[in-house]
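Visitor: Here's the letter readout for the chains.
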Amino acid sequence: MSTETTFKSGSNLEKILKSGQFAFTGELGPPRGTDVNEVREKAKFLKGNVDSVNITDNQTAMVRMASWAASLIAIQEGLEPNYQMVCRDRNRLAMQADILGGSALGIRNMLCLSGDHQKFGDHPDAKGVFDIDSIQLISMVKQMRDEGKFLSGEALHGPPQFFIGAAANPFADPFEWRVHRLAKKIAAGADFIQTQCIYNMEKFREFIRLANEEGLTDKVYILAGVTPMKSVGMAKYMKNKVPGMDVPDDIIKRLQGVEKSQVSQEGINIACEQIEEFKGMKGVHGVHLMAIEWEHKVPEIAAQAKVLPRPTPE
Amino acid sequence: MIVAKRKPFAEIKEMLKGYKKVLNIGCGTCVSVCLAGGEKEVTILNTEIDMTRKLDDEPIEIQGHTIERQCDREYLAELDSIIEEGQFDALMSMACGVGIQFLAERYPLLPTFPAVDTTGLAVNQAVGWYEERCRSCSQCVLGYTGGICPVTMCAKGLYNGPCGGTNKGNCEISNEQPCAWFKIYERLKGQNRLDSIKKINAVRGWNDQIPRNLVQPGYKKPENALK
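Protein chains in written order, with this note's numbering: chain A, 159 to 472; chain B, 785 to 1011.
Think of the hints as simulated: they come from the structure by calculation, not from any bench.
Just so you know, nobody snuck in bad clues.
Straight-line distance between alpha carbons at most 25 Å, and here's what the computed SDA-like set of lysine to any residue pairs gives: (1) Lys967/B - Pro332/A; (2) Lys952/B - Phe278/A; (3) Lys983/B - Glu371/A; (4) Lys973/B - His338/A; (5) Lys983/B - Val287/A; (6) Lys388/A - Pro457/A; (7) Lys394/A - Glu960/B; (8) Lys285/A - Ser958/B; (9) Lys464/A - Thr161/A; (10) Lys952/B - Asn358/A; (11) Lys464/A - Glu451/A; (12) Lys791/B - Asp901/B; (13) Lys388/A - Trp452/A; (14) Lys791/B - Glu823/B; (15) Lys285/A - Trp990/B; (16) Lys202/A - Leu466/A; (17) Lys202/A - Thr192/A.
Predicted model, so just to flag it, every value in this text is computed and none were measured.
Here chain A stands alone, though its shape is the one from the complex (with noise of 0.2 Å):
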């Protein structure tokens, strides 16, 4: 994409995509309770190894710490949340609420997703709200913002600012779907994609040429997912139980080819490989790490990957 100097969000993550530089970015899951702690603790081996970090809103559909407070926790430990909503519990008004009160308070990127069902969760029996759906909440944020006029048309004063993010699994069927779903989420209005993690490289490379194809990746800045396998265990269950998650066999007999104690670094290794390839891909604007309750590793795998160190723009 060409370089750009006007913002919409000002965000750190915002002037390094649009300045052409290669982004990189972390996430962290806030707490199962209060303790601020855990986050600050999170947040150390973050800062200025990523340019912004997601913070998961509910993951898996377990209760956690809300979101917004710990995007806000983050900024005050010197990080730049990617504040994520799912539609999975909140209804339109919920959502624009927290979409106001989240820009007062500074957070000026968001990810929006449809969640995961509550099935999965700690409270499976919850009444799943999805007032409106991912791409929709989409669109509302981007008239929100670039209108300054809530879902229901009537003018709001300040119109909130956020670099406005959705998520691409390239590899959930159909395939073929996957790049019109992308094309959907930008007519929506997204301006950054975050992808699923990807493990499965070939396929990823097709997709990722069919986007070059539609002039899709000329509209949005790409994130390739990227989450490091700690060990077999790990690979064989992200393979199997995960839904939409492809893993290649190819990868675990990799892991398995190391001795016990090599494993997780292994599992590094492939994932520098696929950043490495990614800083060269067409398409791509940057990786997204997913590195779940690995952020202590964070340091190690930037410095690896040499991604390091971040830009720091004005």
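Start from chain A and add chain B according to the hints.
Guide: Chain B in isolation, oriented as in the chain A frame:
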């Protein structure tokens, strides 16, 4: 049709605790077809209740009667004399939620208990197997979804699916549950109509958030309508 399933026996037994003379009323339409609340099911349930209460040394006099439809005053009327003569201290209904309420409304002085849980608007896939197909949302989208309802069949009720959780054609919630949007995609592709779902379906107003009242064109509520 409307489908229902019988409540767990323990729950039914608990509701009837302390009542000594009960009339269990079946419905001869939907719940009869789906094997939940017709004449046969009334007889079976009454036998179970009768036996259990005898064993508990709390005998109950339970009678059964099945009418054509509990959602229709014309058919409910035949119960008037039975209920007046029977001196029941409670009623039980094996009709769907609609029928149960219409019955309770007609006899407001008598406690009325549901013996079934209404589970939806479904098709008959095979004897004893019913699949929900409609949530009666008041705004049918089947025209652009290839005749497959995402409101009912998509676990997230998405209007712009399929989401990233589609798993080899199934929903992320279960390998037994086909993904509605996968099916929609396949059907529209077969009809060369994928454009129908390539455009964004905008946020919709939910028309089922307040009790709905339907008066067909050319009709009006009678002035002496019952409140």
